[in-house]
Structures are given as C-alpha cells and as structure tokens.
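Residue numbers (the numbering used here), protein chains in the order written: chain A, 9 to 393; chain B, 191 to 435; chain C, 2 to 393.
The set of hints was computed from the structure by calculation and includes no laboratory data.
The structure presented is a predicted model; accordingly, all values stated were derived computationally and were not measured.
A hint or two may mislead.
Here are the computed lysine-lysine pairs in the DSS-like style, where the Cα-Cα straight-line distance is at most 30 Å [what the hints assert, rightly or not]:
#: 1; chain 1: C; residue 1: K126; chain 2: A; residue 2: K111
#: 2; chain 1: C; residue 1: K212; chain 2: A; residue 2: K176
#: 3; chain 1: A; residue 1: K109; chain 2: A; residue 2: K25
#: 4; chain 1: A; residue 1: K109; chain 2: C; residue 2: K261
#: 5; chain 1: A; residue 1: K147; chain 2: A; residue 2: K166
#: 6; chain 1: A; residue 1: K109; chain 2: A; residue 2: K176
#: 7; chain 1: C; residue 1: K184; chain 2: C; residue 2: K126
#: 8; chain 1: C; residue 1: K261; chain 2: C; residue 2: K178
#: 9; chain 1: A; residue 1: K182; chain 2: A; residue 2: K166
#: 10; chain 1: C; residue 1: K155; chain 2: C; residue 2: K212
#: 11; chain 1: A; residue 1: K109; chain 2: A; residue 2: K147
#: 12; chain 1: C; residue 1: K212; chain 2: C; residue 2: K261
#: 13; chain 1: A; residue 1: K109; chain 2: C; residue 2: K178
#: 14; chain 1: A; residue 1: K111; chain 2: C; residue 2: K253
#: 15; chain 1: C; residue 1: K253; chain 2: A; residue 2: K109
#: 16; chain 1: C; residue 1: K212; chain 2: C; residue 2: K178
#: 17; chain 1: A; residue 1: K147; chain 2: A; residue 2: K182
#: 18; chain 1: A; residue 1: K12; chain 2: A; residue 2: K111
#: 19; chain 1: C; residue 1: K126; chain 2: C; residue 2: K253
#: 20; chain 1: A; residue 1: K176; chain 2: A; residue 2: K147
#: 21; chain 1: A; residue 1: K111; chain 2: A; residue 2: K302
#: 22; chain 1: A; residue 1: K176; chain 2: A; residue 2: K166
#: 23; chain 1: C; residue 1: K126; chain 2: A; residue 2: K109
#: 24; chain 1: C; residue 1: K184; chain 2: C; residue 2: K212
#: 25; chain 1: B; residue 1: K214; chain 2: A; residue 2: K25
#: 26; chain 1: C; residue 1: K155; chain 2: A; residue 2: K111
#: 27; chain 1: C; residue 1: K212; chain 2: A; residue 2: K109
#: 28; chain 1: C; residue 1: K253; chain 2: C; residue 2: K212
#: 29; chain 1: A; residue 1: K12; chain 2: A; residue 2: K25
#: 30; chain 1: C; residue 1: K155; chain 2: C; residue 2: K126
One-letter residues, chain by chain:
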Amino acid sequence: MRSKPFFLAWRILAHDKARTGLAIAGIFIAILLVFVEIGLYVAIPRGGLLLYHRLRFDLLMTSRDYEYVTQPGEFPAQLLDRARAVPEVARATPLYFGSAKWKSLAGGVEPDLFVIGFPPTGGIFSVAGIESRIGALEKPDTVLMDSATRPMFGPLTKGRRVEIAGRKETIAGKYRLGTGFLGLGVALASAENFVRLFPGRGVGDANIGLLRLRSGADPELAAAELRARLGGEVRIFTRPQLEAHEIAYWTIRTSVGLIFGSGLVVSLVVGIMIVFQTLSIEIGRRLGEFAMLKAIGYADGALAAVVLGMSLAIVLIAFVPATGAALLVYRLIRTQTLLPAAMSELQLAAVLGAALAMAAVSAGLALSGLGRANPAELIKRGQRF
Amino acid sequence: MAAPALSQPVVRLDGVGYAYGRGKAANQVLYDLSTEIEAGQLIVLTGPSGSGKTTLLTLIGALRRPQDGRIEVLGRDLAGLRPRERTALRRRIGFIFQTHNLFDALSAYENVRMAMQLGTWRRREMRRRGIEILSRLGLGSRADEGPGALLVGECQRVAVARALVNRPPLVLADEPTAALDRESRGNVVALLRETVAAQGSTVLMVTHDRRIIETADRLIEMDDGRIVADARPRERLYPAEAERG
Amino acid sequence: MPAASTRLSVAPRRSVGWPVPLAWRNLAARRGRFLRSASAIGFAVLLMLVQLGFQRAFFDSALAIPRRLDGSLFIIDAAKYRFATSEPFSSHLIEAARQVPGVASASPLYAGWFDFFWQNPYDHKRFVVQALGVDPDRPVFRWPALAPLIPRLKAHGTVLVDRRARRFLGMTGSAEKSEINGKPVRIVGSFALGPDFQNDGTVIMSVDTFKELYPPAGVETGVIRLAPGAHAAVVRTALREALPRSVSVLGKPGIVRLEKNFQARVSSAGPIFTIGTAMGFAVGMLIAYQIVYTELSETLPQYATLKAIGYGTGRLVRIVLEQAFMTALAGYLIAVVSGIAIFRLVGGLALLPLQMTPQLALEGLGLTLGISLLSAMLAVRRLIAADPAEVL
Numbered sequence: 009m010r011s012k013p014f015f016l017a018w019r020i021l022a023h024d025k026a027r028t029g030l031a032i033a034g035i036f037i038a039i040l041l042v043f044v045e046i047g048l049y050v051a052i053p054r055g056g057l058l059l060y061h062r063l064r065f066d067l068l069m070t071s072r073d074y075e076y077v078t079q080p081g082e083f084p085a086q087l088l089d090r091a092r093a094v095p096e097v098a099r100a101t102p103l104y105f106g107s108a109k110w111k112s113l114a115g116g117v118e119p120d121l122f123v124i125g126f127p128p129t130g131g132i133f134s135v136a137g138i139e140s141r142i143g144a145l146e147k148p149d150t151v152l153m154d155s156a157t158r159p160m161f162g163p164l165t166k167g168r169r170v171e172i173a174g175r176k177e178t179i180a181g182k183y184r185l186g187t188g189f190l191g192l193g194v195a196l197a198s199a200e201n202f203v204r205l206f207p208g209r210g211v212g213d214a215n216i217g218l219l220r221l222r223s224g225a226d227p228e229l230a231a232a233e234l235r236a237r238l239g240g241e242v243r244i245f246t247r248p249q250l251e252a253h254e255i256a257y258w259t260i261r262t263s264v265g266l267i268f269g270s271g272l273v274v275s276l277v278v279g280i281m282i283v284f285q286t287l288s289i290e291i292g293r294r295l296g297e298f299a300m301l302k303a304i305g306y307a308d309g310a311l312a313a314v315v316l317g318m319s320l321a322i323v324l325i326a327f328v329p330a331t332g333a334a335l336l337v338y339r340l341i342r343t344q345t346l347l348p349a350a351m352s353e354l355q356l357a358a359v360l361g362a363a364l365a366m367a368a369v370s371a372g373l374a375l376s377g378l379g380r381a382n383p384a385e386l387i388k389r390g391q392r393f
Numbered sequence: 191m192a193a194p195a196l197s198q199p200v201v202r203l204d205g206v207g208y209a210y211g212r213g214k215a216a217n218q219v220l221y222d223l224s225t226e227i228e229a230g231q232l233i234v235l236t237g238p239s240g241s242g243k244t245t246l247l248t249l250i251g252a253l254r255r256p257q258d259g260r261i262e263v264l265g266r267d268l269a270g271l272r273p274r275e276r277t278a279l280r281r282r283i284g285f286i287f288q289t290h291n292l293f294d295a296l297s298a299y300e301n302v303r304m305a306m307q308l309g310t311w312r313r314r315e316m317r318r319r320g321i322e323i324l325s326r327l328g329l330g331s332r333a334d335e336g337p338g339a340l341l342v343g344e345c346q347r348v349a350v351a352r353a354l355v356n357r358p359p360l361v362l363a364d365e366p367t368a369a370l371d372r373e374s375r376g377n378v379v380a381l382l383r384e385t386v387a388a389q390g391s392t393v394l395m396v397t398h399d400r401r402i403i404e405t406a407d408r409l410i411e412m413d414d415g416r417i418v419a420d421a422r423p424r425e426r427l428y429p430a431e432a433e434r435g
Numbered sequence: 002m003p004a005a006s007t008r009l010s011v012a013p014r015r016s017v018g019w020p021v022p023l024a025w026r027n028l029a030a031r032r033g034r035f036l037r038s039a040s041a042i043g044f045a046v047l048l049m050l051v052q053l054g055f056q057r058a059f060f061d062s063a064l065a066i067p068r069r070l071d072g073s074l075f076i077i078d079a080a081k082y083r084f085a086t087s088e089p090f091s092s093h094l095i096e097a098a099r100q101v102p103g104v105a106s107a108s109p110l111y112a113g114w115f116d117f118f119w120q121n122p123y124d125h126k127r128f129v130v131q132a133l134g135v136d137p138d139r140p141v142f143r144w145p146a147l148a149p150l151i152p153r154l155k156a157h158g159t160v161l162v163d164r165r166a167r168r169f170l171g172m173t174g175s176a177e178k179s180e181i182n183g184k185p186v187r188i189v190g191s192f193a194l195g196p197d198f199q200n201d202g203t204v205i206m207s208v209d210t211f212k213e214l215y216p217p218a219g220v221e222t223g224v225i226r227l228a229p230g231a232h233a234a235v236v237r238t239a240l241r242e243a244l245p246r247s248v249s250v251l252g253k254p255g256i257v258r259l260e261k262n263f264q265a266r267v268s269s270a271g272p273i274f275t276i277g278t279a280m281g282f283a284v285g286m287l288i289a290y291q292i293v294y295t296e297l298s299e300t301l302p303q304y305a306t307l308k309a310i311g312y313g314t315g316r317l318v319r320i321v322l323e324q325a326f327m328t329a330l331a332g333y334l335i336a337v338v339s340g341i342a343i344f345r346l347v348g349g350l351a352l353l354p355l356q357m358t359p360q361l362a363l364e365g366l367g368l369t370l371g372i373s374l375l376s377a378m379l380a381v382r383r384l385i386a387a388d389p390a391e392v393l
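With these hints in hand, go ahead and build the complete structure from the sequences.
Put into structure tokens, the structure is as follows:
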C-alpha cells in the first residue's frame, strides 16, 4: 500500500471544510492573542530604550543618580574631557535633557515637551532625518521635531513658529525616531539653543554622555578603565548593561511590567488551552477514520504521521493570517499609543515554535490514546465528537 | 370497540412526485402516487430498498415537500401550510424513526415527557401516563434510567412510547421493530394495534416483518417509486383462501 | 472519551411541576465537559476582567488626587491639558475669587511633578516625587484619614509621606527626617495613596514649606467652596466674569474629566487595555461559538427529531441559548473568583488600586452575556436550518 501520510492528512482535513475552518479560526485567534500580548509586553522596554537604540555610542556615562532615561541626573561635563583622555575613547559627547512648555502661537493647551540638546555635529544619532539636518540646528532658536509627537502639539510643518519655554522657536523639520516614553512630544536642539531655552542650566552640566571607542577597543575593558579613573562620580554602562538596566526598570521597578506580564500570562494560558482543546477535538472527531485505517492495516508509524500532519497543517495554515493580523494590530498600537509594538524575529520564532510544539504535543497525546485502542473502540469513541 | 368513521380519509395523495437534488442531478424517487388512506387502519408499506417508502413517510409527515402533486393529511393541504400550522400538524402525527434519537441526558420517562409537553396533559397526569405507556412496552421499572443504561432495543421502545404517548390520530412508523427481540416486537405491535382499535388512529408502517404484514389491514407495495400493489394482506399472501373466503 | 462510563443511570427525578429542563440536564449529564467549557469561557472573561481592571486601576490612581479635592468649583489655567502638569497661575486670582459673592472659601493647591527630589532616608538616593502644597488652615481635600494630620504641617519644614509609595522611595518605614531638594524636612505622618503611571510617590506639605523647597511660579488649582444656599451655576458665572480669560472655572466633574480624558485619549493606557479587552472578547466569542457548535453537532439529530414531532424552532433555539447562557454564567463566576485573587496579588505587588468593584463585575457580566448571546445566535443557525427529514 502506498502510504503518503501527509497527503492523506490533507485529504482528511479538506473533506469537512466547515469544521476544519472552524478549528483553524480557533487557532488563529489563539495565536493572534499571544502575538498581541507578547508584543505589548515587549514594547514597554523597547519604548524605554527607543532613544538609546538610535544613539551612536559604545559606552554611556551618567550621573551617580541615574534612574532611567528621563531621570538621568546630572554630572559635570568636564568629566567627559577626562574620559577623552583615556586612549580607547575616540569621542565623548554630552547630551542635555530638559522639559519645557510648548505653546502654539494661536493659543490652546500647553503640553510638556521633552527637549534634547547636543553639539550639532554628525554621528550622534543614527537617524537619517537628523543627520541631514544638522546644519539647520545651528541656526539660532531652531528645533527639529520628532514626527511621533502627539497631535495636540499641532502640525509640525517646517518653518512654523512656536513658543517653547516662553521663547519663540522655529521648526526646522521632522525626523523619525519615536517619542518612546520620553514624553508626548520630543524636540532636538543644538547645545547653544538648549541653553537659551533653559537659562538656568549651562552646558557645564550634562545629563548623559555618549562615549565612542576606537575601532577594535573592548567596551568592557574601556568601561573598567573609565570607572577606575573617574571613580564614583559617574556611572559607566556598556550597551548590554544599559539594556538590562532599562529593561529591569520598566519591568520590575514600575508596575507596568507586572501588569502587562500578568496579562501576558493569562493570555498564554488561554492561548495554549485553545490550541490544545481545538486540536484534541479535531483529532478526536476523526477517530472513526483512523480506526478504519488501522483496521485495513495502516502501520502505527504511518498513522502517527497522519495525526501529526493534521495538527501541523491546522496550526501552520492558521499561523500565516494570524501573523498578518498581528502586524496590523501592532500598527494600530503604534499609531494609537506611545508603544512601539513591532514584530521581531524573536517573537515570530517564539510563537511559531510554541504553536508547533503544541501541535506536536496534542498529536502525541492523541496518538497515545489511539495506539492502545482497537478499531471498534475507536469508532465508538469517535462518535462522541 | 369500533372506530368512529371519518367522513374523509386521513391521508390523501394526488399525483405526488418527489426528487432529490435539482436540475441535472435530480434523482426522482417517487412517481405520480395517488391513493387514499382511511382512518382506523393499520397499513403496512413494503417494498425493496430504494423504492421510496421512507421518502413517502417523510412527505406524509410534513417533513418534506413534494415537487409534484398534492398531499392532504388529517384534512389539511400540506402545500398551503404556514410554519406554525406545520408544527401544529406534526404534533398530531406520531413519528417513529429508524434511529431512536433520544437525549442522553434525559431519562426514558423524560424523553417521553418531551412529547407529552406538546400535548394537552395536565401536569399531574403526565407522570402517570408516561409510566403507563412505558410499562406497556416492558420498561415501566426502568423509566428513570437514561439511554446510556438501556440497550438499543430498549431505547427504540422508548422512542415508540414517545411517538404514541399523546394518542395521535396518525402514526407513521419506519421499521419500528427492526432492532427488537421477539417479545418486544410483540409488545410494540400490540400497542399499535390497540392504538388503532381503541382510538381509531391510523398507523402507516414501513416494515418487512412477515408477521406484522399478516395482521395488517392493508398492504401497499412499492417498487421504484410507484405503488405496484395495494390490497388486504390475506388476499396477497393467501390468495386462494381469500377467493374461497 | 469513552461513551458509557461518563453517563450514569439517571437518578429518579420528579419533573412533575414544570417542563423538562433539557438545557440543565444536558449540562449535568456531562459534568466534566461542562466544567471544561465553563472554564474555557471563564478564562476569556478573566482576560477581559484583568484588562478592564488594570485600565480602571490606572485611571483610579491618576484620578486619586483630583477625586479627593473638596470643592464645588475649581480654578485652573486655561492651558492646562491634564491635572498632573505644571501650569501655575497667580495667587492674586485666588484673592479675587474670594471676593465673588457665593464663595465661602477659596483655597490654593500648589503642586510640582518634576521639581521635587525626595531623598530616601535609608540609602540617600534621590527620586522625583509628586509634591502637593496646601494651606493648613484651608485644607482642600475630602480625605478623612488625612484630615487629622494636616494641622501638623503648620510646623516649619514638615511633610506627610505616602506609605503606599513605591518601596524604593523609603517612605514606608518609621524614619522621621529626610531631605527634599537638598533641604532637611521632618516627616510628621503618612497617608495611603499609591503611585500612578507618572509618580512613584507623593509628599504633602504646607504652602510655606512648599515655597521654601522650590519657589513655584504660582498656584496650580484654586479650590472653591460655596456658601450655604449659593447656586453653583450662578457662582460659576460670577467667577467667570471676575477672573481673566487665562484661567478656566470647572466643576468637580470637569476637573476629574480633565485628567480622565487625558488618560483615555492621549496617554497610552486607554487604548492598550481596550485592545486587550477586545482580544479577550474575540477569544470569548470563538470559545463560546465552538462550545455551542460542538454541542449541536452531537445532538442535532435529537433536536431535529423534536422538530419532526412538533416542537417549534423558536422553542428549541431557546433551549440551546439557555444552555449556552448557563455555561457562560458558570464561566463568569469562575472568572470573577479568579479575578479577585489575581487582583489582590498583582495589586499588592504593583501598588495599584486593583479592585473587583461591583461596577467592574457588572461590566464583566455584560460582556459575558454579550459573548454568549452573539456567538450562540451565530451557532444556532445550524439548528434553525436543521432538516428533520435528514434524521431518517
């Protein structure tokens, strides 16, 4: 007998399109649910790290009191000079953070704007829209606006004049980075313009310092060297350390991680439950047909392949539209909220892996039942579905 | 007890035809059937498989609509019935199907009671009547057990009880005794006979059972969608006797 | 799933009084499956309850202070887009408000959300906290637990701390001294408020202390109490005329709504949890539909038989809906009980006011019934279309 188990699995599924469709719909929803919840959960630290992901640096220098990106504390910018003295350090750039009231010249609400000041040279941000406009920032009282700034700030058209911290500023253009959790709106200014906006602050006190190392330098070694030289006045983070720190802040320190984590856990349970239940029912329904196959002499191995094939087919067919729908929901989340929800390879692989694993487990459990029973029992059992 | 004579037949078929499917795939199973069935009789419908007996039952039972012809049941023309009238008519017909289709979750009594709820029983009478009819079929002591605890034959008897409990004027039965042992068969047939005799009901039954055929008042034979013979069984089986008698 | 062993012989029942409760019997006959179905729906409902509960907790925590303001009318700067943003106005306007007829008292509330650095008394780390400055002789809160503590703030350099603040602030212990913005303060009591999305903790102090720690540009909110017999609308109009256009006059609902609208529309909290709830609803619909569909798959011949013997379709649909509702309700109960437990656990850990309020429970019930009804109506089309003739 020619046995093509996967082909047979397909035939069995195609035979009752309505039921199979229903099963696929169930798995679709379960996978979508897990995607959405994972996406939300992962988006939190991603939002918190958004700025750092777009800054060029190998090491980050911060004050001792650094909490997270919007509570960085201050440290004297001279320490950056001392950092430059270290041979591995090629470049040390200060960044200044401030919060100011934004006032549209036409009146209305005055939202809080997060302003980032920096020496207007290239190579600090890895955003094309910023690099190409560095020159514009050198003009007095000029800012660049993040395109993700909320609508309540009004249109971000080039040339528009607005009032920031009581000073008239001109918008020189937009760039795409994302406000993350910095605030409802983010603007970039040159260090000079920043000081004009925040007269209480001088360029003497930086909020964070971006250190770039010579090519080939080891970040860990350089960090150790800097810590030795600069002592306890500042903190030095390598990129991995910074990621871990920010992620820990968002997931543990704030309640956000806990909340979204609980939501994620409940969703995972629901998702797993649905997948398992659906596949068990689908396989169970066809116990009669499997009995027939057994009765006409199908080997157990081939039967196993059929059952496994069915499970995998249902899951895979549901997976593709679920991924598509997840991308749409991520887009919805990105546009409606501050969260940079996005699909990553890791998410895709994790959910796919989990779904396939569940398919295999369901098939396995079903098969263990099949193996022991004789065809007559199976037919009777199959009628229960 | 003689049954009161009805002025009109219980069932009237006039040029009835039925086909499954449509257009090119149409499969004609009944051709131009015309006959009348009087009240107070036990009529057997027999013939080879595929001859259309079951289909005819479903048409008379207002479960299907014929493409051709006219059917009158209990004085109503089936064609013009609105859904509510159709439902009301079905309540006056006791239908025994080939599979018992009892609810697993209900006891035998409760399954019968589902039919009684459609009747006009007072609540207190229901239990009494339900047990009574189940006892007639030998299941009185098992009235409160569910189909899971009963054998297929016993379930079938419960289905018979369900069909007859409201004393319907017309009973349609599709092989009601096929799964039964001899004693049960006898019980069912006796009950049907009694229904005819005591209430003047009409029983139209599809069966191959010779012994039932012998006792029938009329035997309609079908083949290939047509009535090929229609007579009193004694005449058919024992034509010589009939001639002499 | 073996056939016979799950169905025991039915115990004698006396259904004499009313019709056979077919829906209930169907569920009771297969208890294992009933529990599984109910749990499945319960999980979906739990998902929704969790999302809605969190959303409510976010709102409640952000609205904690606005809700506790004790006044009939409030003065805020017209450019204020939410409660928790600095938009001060001149304290002269509070004086002006006092002169308006019908105003019994006009009390200032000073506030800072980014300018007060609290030092953890134990490890000396500094963190930004929400700071509120009130006049101890004219308290602005309707807050029974806080009221007896307010007079203590008359002493110079004293503060009250939030003992439900995030633990890293060190406000939960029995320390008596600390520093704010580098200046020493004395801790003279604590209240229970809790953090929100923006603030990790709160300190309350007198206006004098407030001005010393960080000189404000003005008052954040003016809290107006009406004289007995005064009409709110009338006084509001009078205030509106007496005060410049740079400020707005709102009622209590208005000031709460200011922050609430921000949370719902501009911040992320609203949409995120709405998306989560919608997902839960979709999942619930699917699960409930599958349950009814599967149930009908098994019993369709039986129902078709009932149709054939004279049951109207409507009656049968009602039975199926009853069964679906009962399963959904059982699931709802499971969800509520689990929800209460989860809220308690997560609320305690996250220091959020997570609570299964009656309103939340009712919302959950409404959603459950909605799921059940919608999915059942879709699934019963099979029943309606069932052809009794096919039974044969």
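Practice task
Just pull the numbers of the violated hints for me, sorted ascending.
Solution key: 1, 3, 8, 13, 18, 19, 21, 26
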